[in-house]
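Under our numbering, the first residue of the first sequence is numbered 11, with each subsequent residue one higher.
Don't read these hints as lab results, they were simulated from the structure.
This list has only true hints and no planted wrong ones.
What follows is a set of in silico ranges between Cβ atoms, one per label pair, in the way DEER data are often shown:
id : residue 1 : residue 2 : range
1  : Ala44     : Gly240    : 27 to 37 angstroms
2  : Gln88     : Lys535    : 54 to 64 angstroms
3  : Lys535    : Asp486    : 18 to 28 angstroms
4  : Asp415    : Lys133    : 56 to 66 angstroms
5  : Asn513    : Lys432    : 35 to 45 angstroms
6  : Ile34     : Arg183    : 27 to 37 angstroms
7  : Asp415    : Asp297    : 41 to 51 angstroms
8  : Glu37     : Val92     : 29 to 39 angstroms
9  : Gly240    : Glu192    : 17 to 27 angstroms
Virtual Cβ for every residue (Gly too), placed ideally from N, Cα, C.
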Amino acid sequence: MTDKELAELIFPNITKTPEDYEKIYPERKLESGAAVSRFAPSPTGFVHMGSLLTTVIERKIPDETNGVFYLRIEDTDQKRSVENGIKGIVDDLKNFEIKIDEGALGEDEEIGDYGPYIQSKRKEIYECYAKDLISKGLAYPCFCTPEELDETRNLQELNKERIGYYGSFAKCRNLSNEERAERIKNGEPYIIRLKSPGNYENKVMFNDLVRGKIVFPENDLDVVLIKSDGLPIYHFAHAIDDHLMRTTHVLRGEEWLSSVPVHIQLFKILGFELPQYAHLGLVMKIDEETGAKRKLSKRKDKEAAVSFYHEQGIPVEAVKLYLMTIGNSNFEEWLNQNPDASINDFKFNFKKMSASGSLFDLEKLINISRNYISRLKAQEVYERALKHSKEFDTEFYELLTKYKDYCVNMFNIEREQKKPRKDYAMFSEIKGYTWYMFDELFTGDINYEFQSINDLEEIKNILKVYLEKYYNEEDDEQTWFERLKDLSEELGYAREVKEYKENPDNYKGHVGDISMVLRVALSSKSMTPNLYQIMKLFGRERLTNRFNLVINK
RNA sequence: GGCCAGUUGGUGAAGUGGCUUAACACACCGCCCUUUCACGGCGGCAUUCAUGGAUUCGAAUUCCAUACUGGUCACCA
11 MTDKELAELI
21 FPNITKTPED
31 YEKIYPERKL
41 ESGAAVSRFA
51 PSPTGFVHMG
61 SLLTTVIERK
71 IPDETNGVFY
81 LRIEDTDQKR
91 SVENGIKGIV
101 DDLKNFEIKI
111 DEGALGEDEE
121 IGDYGPYIQS
131 KRKEIYECYA
141 KDLISKGLAY
151 PCFCTPEELD
161 ETRNLQELNK
171 ERIGYYGSFA
181 KCRNLSNEER
191 AERIKNGEPY
201 IIRLKSPGNY
211 ENKVMFNDLV
221 RGKIVFPEND
231 LDVVLIKSDG
241 LPIYHFAHAI
251 DDHLMRTTHV
261 LRGEEWLSSV
271 PVHIQLFKIL
281 GFELPQYAHL
291 GLVMKIDEET
301 GAKRKLSKRK
311 DKEAAVSFYH
321 EQGIPVEAVK
331 LYLMTIGNSN
341 FEEWLNQNPD
351 ASINDFKFNF
361 KKMSASGSLF
371 DLEKLINISR
381 NYISRLKAQE
391 VYERALKHSK
401 EFDTEFYELL
411 TKYKDYCVNM
421 FNIEREQKKP
431 RKDYAMFSEI
441 KGYTWYMFDE
451 LFTGDINYEF
461 QSINDLEEIK
471 NILKVYLEKY
481 YNEEDDEQTW
491 FERLKDLSEE
501 LGYAREVKEY
511 KENPDNYKGH
521 VGDISMVLRV
531 ALSSKSMTPN
541 LYQIMKLFGR
551 ERLTNRFNLV
561 INK
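Full structure from sequences and hints, please.
The following block contains the structure:
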C-alpha cells in the first residue's frame, strides 16, 4: 500500500490540495515592509496583562508600517474553552481600544479575507495538510494509547534518557501501511504524528527579534499533528494558519521559545517561509505566600485582569502607557520629553525590549495614571467620572448629574494649568476626595480634623467674626487673603507666618492657623485643594450653613 | 534530569571596551517653597553591575566556568 493510498483512506473527504489554499489565501497586497501580526488567544477567560502587553505591541507594528493586525481564536482544545470566551476577548480588546483589522468579532461573526479566524472552523484546512504530509510519507497515524505513552515516559525517566516520542521509542513510526490500514479499518483510535526528519545531534539556529541568535538541537520528536478529536495541536495550526493568513511577525510569551525547533521544522516541511519571531519576557509578580517570582496569574492576581482597571477607573490610556514602559525601555524617557504625545507617535523597537521577565509594578502604573488624569481637562474628568460612577457608584452618579456645572468647576480647581494638581490616580477615588463638596454627603457624625487651634470656643469665635466682618463673596483671591490677615490681626494672630516664627510669644498663632480653622469648618478635612476656590464655589449661603454647623455645636 | 533563556539599587531600567567616581523614572527619606495638601525646587538612596577566573594598559560591557531565577520537555495553548 502506498502512502498516498493510506492518506486517502484516512481523509477520504478531503479533496482540496495545499495548492488550492495558496490560491484562496494569496499573498497580501501590502507595501513592502508592511507587518502582519496577530493576537491569537485561546478562549479560556479574560485577556490578562501579559497578553495585553503583547497585543499592544502587535497592534503597534502594523500601525507603523501600514500592515494588518488580526484576531485569531485558538480553540483547538475544547476542554479548556470557556463559555462566552470569544466575547470576553473581543470585549476586552474593545475596552482597551485596540482595534482589529481582521478576525473574529464573535462566535459567528468575523471580518477579513483570510478566515475563518476561529481554529475549530478550520478543521478541513488542517486535514488537507495532514493528508498531504501522509501522502508524502512525512506523517503517519499513531495508535499508542495514553497509557503506553506514559509507560515509555516513565521508562525514559528511569533510564535518564531524553523524554519523548522519537527514534526507537516511536513505536508506530515504522509500522507498514498495510498494518496501519488494517488497524484503522478495525476502528482503533489514532492520532496523526509528524515523521520528524530531524537529528538531535544537529543544530538549528534562528534569530529572535528580542533575544538575537538562538541555537537549539534540531527537533527529532514525532510531535502530534492531529489529535484523536480530529483537531490540530498548536504547533501544526500555528504553521498553517500563520502561513495562510500571511503573518509576518509572531509575538508570544517566552514559554514558546523551546518549541521553536518544532516550528522551524514544520514550516520547512510544509514549504512555508518562517515568520519573524519575538519571544517576550513574562510579566511576573512576587507571590505573597511563597515569596518567589512567578508569572502574573489570571486566577490569583486581581491586577492581572483588565476588568480590574475598569472597576478602579484607571484610564486605559494609562495602562497602555505603563505597558509600553515595560515593552520598550526608552519609552518612559520619550514620554517625559513628550508628555502630550500619543503612543502612536512613538517608534517601537524590538531591540529596546527586555528579554527578562519584569515584575508588574502597580505603584508605577498608578503614578502614570495620576499624571495622565492630572493633564485631563475638567470637562473630560467630569465625563469620565460620570461614566465610571454610572457603573459603580449610583449615589455619586446622581450627584454628578444633579450638579453638573458645579462639579466641572470643582474638577477645575488647580487644573488646566502648567503644573496641575495630582489628586486622583483613578476615578474610583474621586468621591473620597470630594465628598465634602456635596451637602448630601456632608451629614451624620462629622469628624472635624482641627489642627493647632482646637479649642471649640475659639474656633466658634473665629468663624463668627469672619462671617460678620471679613467675609465678602465678591473678593478676588488677593483681597480675600488680605482680609484673612486682618482677621488674624484682630484676634491676636500674626499676619505673616514669618512674623510669628520670629516672635512666637507675641501671638496666639498665625494666619495659617486661622485659615486652617476655616478650611476644617468648611470641609472637616485638614487637607484640601485651594481654599479660596472652594469657598467661591460654595457661595455665601452654603458657606454660612457649613460654618453654623460648627458654631452651633 | 535534558534543553533554552535570563541575572545592573526596593521596582522598571540606561549602558554594546575608556566620556560611568553606573543615566532616567517609580517608591522611599531629608530639606526648601507654601495659609493645608498637592505641585515645584534641591539633596540622599548600587564604591558597584550574581560569583570566580581569563583577555586587555583599561570590563557592567568580550570569553570560560559556577551559582541562582524563569521557561519547556502533553492527544494544553
